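J.: Sequence:
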Amino acid sequence: MIACDTDVVVDGRALGKPEDEARAREYLELLSGRAHEVLSGLVVLRDGEERSGLERTTVVFKDLDAEEKERYVRFGEWRGRSGGYAIQTLGSTLVERLEGSVSNVIGLPVGLLADLAPQLFVQD
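Residues in the sequence shown are numbered from 15 upward in steps of one, following this note's numbering.
It is possible that part of the hints are untrue.
If you anchor each label on the Cβ, the simulated ranges turn out as follows [stated by the list, open to error]:
no.	residue 1	residue 2	range
1	55	35	22 to 30 Å
2	93	137	32 to 40 Å
3	43	111	15 to 23 Å
4	76	136	36 to 44 Å
5	33	82	18 to 26 Å
6	82	137	40 to 48 Å
7	27	137	40 to 48 Å
8	72	103	20 to 28 Å
9	137	26	39 to 47 Å
10	62	106	35 to 43 Å
11	43	137	43 to 51 Å
12	81	133	45 to 53 Å
13	34	61	38 to 46 Å
14	55	132	15 to 23 Å
These aren't lab readings, by the way, just hints derived from the structure by calculation.
Bear in mind the structure is a predicted one, so any value in this text is a computation, not a measurement.
Ideal placement from N, C-alpha and C gives every residue a C-beta, glycine not left out.
Could you put together the complete structure from these sequences and hints?
T.: Structure follows, in structure tokens:
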């Protein structure tokens, strides 16, 4: 069994998932032109043994103008996303750079998973 949860943290505040467009706009305003962390906790349970770890990735947003923020909110990709964004599609245009695991930001830190459960990545 594999369990993973991810959150976006800025200034020591975990943002969670915005419940509406107003909160999504607030998050974009807060993250615009700044660095934040994406933290994912991962637990692997196999044959009664539990292994866990934490992946940390720093993401820097570019300075977003009002039009970029509004386009992203209208696009709706923020729904159900920690920090109110996802980098798989339009959200990639918000990011200036990232330091660390891109798979962590997408939602499953594959490198950490391979460390915790290397047997998952062995072909028979």
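J.: Each of the hints needs a verdict: does it hold here or not?
T.: Hint by hint, here is what the structure shows:
Taking the beta carbon of each, residue 55 and residue 35 are about 28 Å apart, inside 22 to 30 Å as hinted. The hint said 32 to 40 Å for the Cβ distance between residue 93 and residue 137, and at roughly 37 Å that hint holds. For the hinted restraint 15 to 23 Å between residue 43 and residue 111, the CB-CB distance of approximately 20 Å keeps it satisfied. Judged by the Cβ atoms, the range 36 to 44 Å given for residue 76 and residue 136 holds: they are separated by roughly 40 Å.
Judged by the Cβ atoms, the range 18 to 26 Å given for residue 33 and residue 82 holds: they are separated by roughly 22 Å. Remark: the range hint 40 to 48 Å for residue 82 to residue 137 is upheld by a beta-carbon distance near 43 Å. For residue 27 paired with residue 137, a C-beta distance near 43 Å keeps the hint of 40 to 48 Å intact. A C-beta distance of roughly 21 Å is found between residue 72 and residue 103, which places it inside the suggested range of 20 to 28 Å.
Taken as a hint, the range 39 to 47 Å holds for the pair residue 137 and residue 26, whose Cβ atoms sit roughly 43 Å apart. A hinted range of 35 to 43 Å holds for the C-beta pair residue 62 and residue 106, which are about 40 Å apart. Checked against the given bound of 43 to 51 Å, the beta carbons of residue 43 and residue 137, roughly 46 Å apart, stay inside it. For residue 81 and residue 133, the hinted distance range of 45 to 53 Å is satisfied, since their beta carbons lie about 48 Å from each other.
Taking the beta carbon of each, residue 34 and residue 61 are about 43 Å apart, inside 38 to 46 Å as hinted. Checked against the given bound of 15 to 23 Å, the beta carbons of residue 55 and residue 132, roughly 19 Å apart, stay inside it.
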